[in-house]
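J.: Chain residues, written in single-letter form:
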Amino acid sequence: MSRAIALIDGNSFYCSCERVFDPKLARVPVIVLSNNDGCAIARTAEAKALGIKMGDPFFKIREQCRRDGVRVFSSNYTLYGDMSARTNAVYRDFTPRVEIYSIDESFLDLSDVHPDLRIELARDLRATVRAWTGIPTCVGIGATKTLAKLANHIAKTQPELDGVCDLTDPVAYDHWLCRIAAAEVWGIGRASAAKIEAMGVDTVADLRDLDPRPVRKAMTVVGERIIHELRGLSCLPLELVPAQRKGCAVTRSFSRRVEDRGTVEQAVAAHATRLGEKLRREGLGTDHVTVFYHTSTHDRGDPMRSVSTTVTLPEATNDSLVLIRAAQLGVARTWREAPGDRPWRYSKAGVITTDLMPLAASPRALIGRLDREHSGPLMAAMDACNGRFGRGTVVPARAGLTERRTWSTKFEMRSPRYTTQVTELPTARA
Amino acid sequence: MSPYIVRELIPGHSDAVRIPIMGQALCAGFPSPADDFLEGALELPRWLAPNPPATFAWNISGDSMRAAGIFDRDLAVVDRSLKPGNGSVVVAAIDGEMSVKRLRIEGNVARLAFENPDLPAFAVEEAAEGEIWGVVRFSIRWHIARAGLVR
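These protein sequences, in sequence, are chains X and D.
If you use my numbering, the first sequence closes out at 430, no skipped numbers anywhere.
If you use my numbering, the second sequence closes out at 151, no skipped numbers anywhere.
To be clear, the hints were calculated from the coordinates, so they are not data collected in a lab.
Be a bit skeptical, because a hint or two may be false.
[Stated by the list, open to error] Listed next, the in silico SDA-like pairs over lysine to any residue satisfying Cα-Cα at most 20 Å (straight line):
1) X:K24 - D:E97
2) X:K410 - X:T251
3) X:K24 - D:N59
4) X:K246 - X:M357
5) X:K246 - D:D36
6) X:K24 - D:M98
7) D:K83 - X:K348
8) X:K278 - D:F37
9) X:K24 - D:G130
10) D:K83 - X:A127
11) X:K278 - D:D36
12) X:K24 - D:K83
13) D:K83 - X:R123
14) D:K83 - X:A49
15) X:K24 - D:A93
16) X:K410 - D:D35
17) D:K83 - X:M357
18) X:K348 - D:P33
19) X:K410 - D:P33
20) D:K83 - X:P136
21) X:K24 - D:D35
22) X:K410 - D:E97
23) X:K278 - D:M98
24) D:K83 - X:R130
25) X:K246 - D:G96
26) X:K348 - D:D36
27) X:K24 - D:G96
28) X:K24 - D:N51
[Unchecked claim] Simulated coverage check for chain X against chain D, where a stretch passes if three residues somewhere in it have a Cβ under 8 Å from a Cβ of chain D:
29) 128–134
30) 257–270
31) 343–350
32) 415–424
For glycine and all other residues, C-beta sits at the position ideal for the given N, C-alpha and C.
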């Protein structure tokens with residue numbers, strides 16, 4: 001049977017998560033802001049109709065939101081992550097072959113489903129996700145990932161389709177490809193759109209019918225791959241098992257400008273702690289840590305400084321305490337007191353590693369060997385406490401108590417963590 | 001449901017399930033912005049929560065469901081995969097408020113009833129807007145004075 005891949009995604013996912021638990025949000029404009037309440041990153045249809053754009057800075061639309069009754073939320077990633085896990089659990093009830101592509105999009109392999117039954121299955125899936133989790137979704141089906149993504153776009157934008165579009169149906173394929181602009185195709189950015197327009201491409205069908213070889217010259221192998229995918233030749237397989245992580249970064253903007261060394265040291269220690277957790281979860285280790293911190297280009301007229309340094313360890317580790325020492329050594333090496341009376345006002349700090357390796361298989365050092373025998377159980381105990389009693393229950397002292405960190409990312413308009421915190425459950429009147 | 005459903009085998013403990021499942025969804029495409037915020041989910045034994053992705057916990061506030069055995073400050077566990085029928089205790093959104101009611105279906109009329117003889121039932125259509133959010137599978141009450149919810 002022919003290959004069929006479905007792309008299912010949540011409609012205005014973050015906003016939909018908020019709506020599940022608060023009936024007052026039905027049919028009113030809702031937006032969700034990015035970290036530190038910076039920009040609009042999710043908008044309901046009502047908010048889009050008011051002209052609020054993706055990425056609009058909040059300070060620019062604050063007045064409009066007040067005037068038009070837009071409900072504004074900080075990102076509640078705990079809630080969105082939990083709701084995402086729920087939707088994916090429902091998808092897995094329908095097929096075990098699921099690739100979680102992002103927090104709100106998953107690819108499903110429907111190749112084993114008879115072509116005549118795919119639409120019906122997609123409608124059933126949509127209805128089940130809506131009933132069980134409250135999240136509205138759209139489903140696009142195609143012979144390749146690129147076509148599934150295109151079908152999903154069509155399902156979202158054509159109300160008469162009722163949220164499902166199947167491009168593995170040859171009639172639908174012929175119908176839609178000559179009606180949708182080529183710029184809507186996955187992977188066609190603004191620069192590529194201009195190039196293909198110059199080649200006389202208007203619709204998706206025009207793009208599909210280009211000779212792939214000249215396209216490779218103009219748009220690299222990526223452009224050529226898009227054409228093959230639009231023709232139904234799969235170039236992007238489903239990644240059912242995520243590839244092993246090659247690098248890992250923990251970087252954060254401060255909620256305010258930071259001038260003192262103690263705060264920068266505490267921040268990089270907190271980031272190194274988080275880095276250790278992430279590496280331990282996947283059994284990986286690293287033998288170097290890159291530390292950076294810098295001022296903001298938005299602070300025009302202020303003195304600018306950007307620092308980055310790499311600290312090398314004797315052997316690979318994922319021990320948070322070792323990573324903290326490395327990160328703080330990076331700050332110690334690079335810290336300068338500002339000349340004159342205008343201090344550097346730092347806006348962001350982070351720790352980055354590359355070339356991660358499985359810790360169990362990494363070579364041991366001859367000199368300066370770390371004490372894995374003791375650190376392993378200690379880290380396991382810390383992770384177990386934080387897993388059971390909540391993130392930040394046990395932290396290394398250098399990283400500071402979570403609630404006392406004055407520099408942490410702000411989420412001032414965050415809704416309750418309705419599904420994971422017993423103290424924040426929603427309330428029903430009886 | 002469709003004939004394609006394959007019941008998921010949830011790895012890990014057999015005696016407790018997390019609602020829905022302990023996070024850590026590794027994304028193939030974009031790293032999840034939720035990754036740094038995932039935390040332990042609420043734990044319930046599998047025999048109480050047979051369908052974790054559809055199971056949610058609600059605090060109850062008020063005494064209108066006394067006769068159904070649901071009291072102020074109880075905890076209601078709602079399973080959205082259960083189909084509401086006559087006699088179901090449901091969480092419903094009525095005029096923008098979430099409330100717990102008994103669903104009564106007589107002929108073509110669905111009513112959301114208080115379980116308190118002093119209060120009248122009202123039909124779903126009588127409310128400006130009424131939508132059933134989920135069916136209460138069971139409720140929990142604390143028999144210790146001022147017991148708080150603790151993890």
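J.: Can you confirm whether the C-alpha distance between X:K410 and X:T251 stays at or below 20 Å?
T.: The hint holds at about 14 Å.
J.: Examine the stretch 128–134 of chain X for residues whose CB is less than 8 Å from any CB of chain D, and state whether their number is three or more.
T.: With 5 residues closer than 8 Å to chain D, the stretch 128–134 of chain X meets the three-residue bar; holds.
J.: Given the hint that X:K410 pairs with D:E97, does the C-alpha gap stay at or below 20 Å?
T.: violated (29 Å)
J.: Between the alpha carbons of X:K24 and D:A93, is the straight-line distance 20 Å or under?
T.: The hint holds at about 9 Å.
J.: Against the 20 Å threshold, does the CA-CA distance of X:K246 and X:M357 hold or violate the hint?
T.: Roughly 8 Å separates the two Cα atoms, so the pair holds.
J.: Assess, step by step, whether the Cα of X:K246 is no farther than 20 Å from the Cα of D:D36, and give holds or violated.
T.: Within the cut-off at roughly 18 Å; holds.
J.: Can the restraint linking X:K410 and D:D35 be considered satisfied, given a maximum Cα separation of 20 Å?
T.: Holds: X:K410 and D:D35 sit about 17 Å apart, inside 20 Å.
J.: Check the hint pairing D:K83 with X:R123 against an upper bound of 20 Å on the C-alpha distance.
T.: Within the cut-off at roughly 18 Å; holds.
J.: Establish whether the coverage given for the stretch 415–424 of chain X by chain D is satisfied; the threshold is a Cβ-Cβ distance below 8 Å, and no fewer than three residues must meet it.
T.: Holds: 7 residues of the stretch 415–424 of chain X have a Cβ under 8 Å from chain D.
J.: Taking beta carbons only, do three or more residues of the stretch 343–350 of chain X come closer than 8 Å to chain D?
T.: Result for this restraint: violated, n = 0.
J.: Is it true that the CA of D:K83 sits at most 20 Å from the CA of X:A127?
T.: holds (13 Å)
J.: Do the alpha carbons of X:K410 and D:P33 lie within 20 Å of each other, as the hint requires?
T.: Between X:K410 and D:P33 the Cα gap is close to 15 Å, so the pair holds against 20 Å.
Hint violations for this structure: numbers 7, 12, 14, 17, 21, 22, 23, 25, 28, 30 and 31, all remaining hints satisfied.
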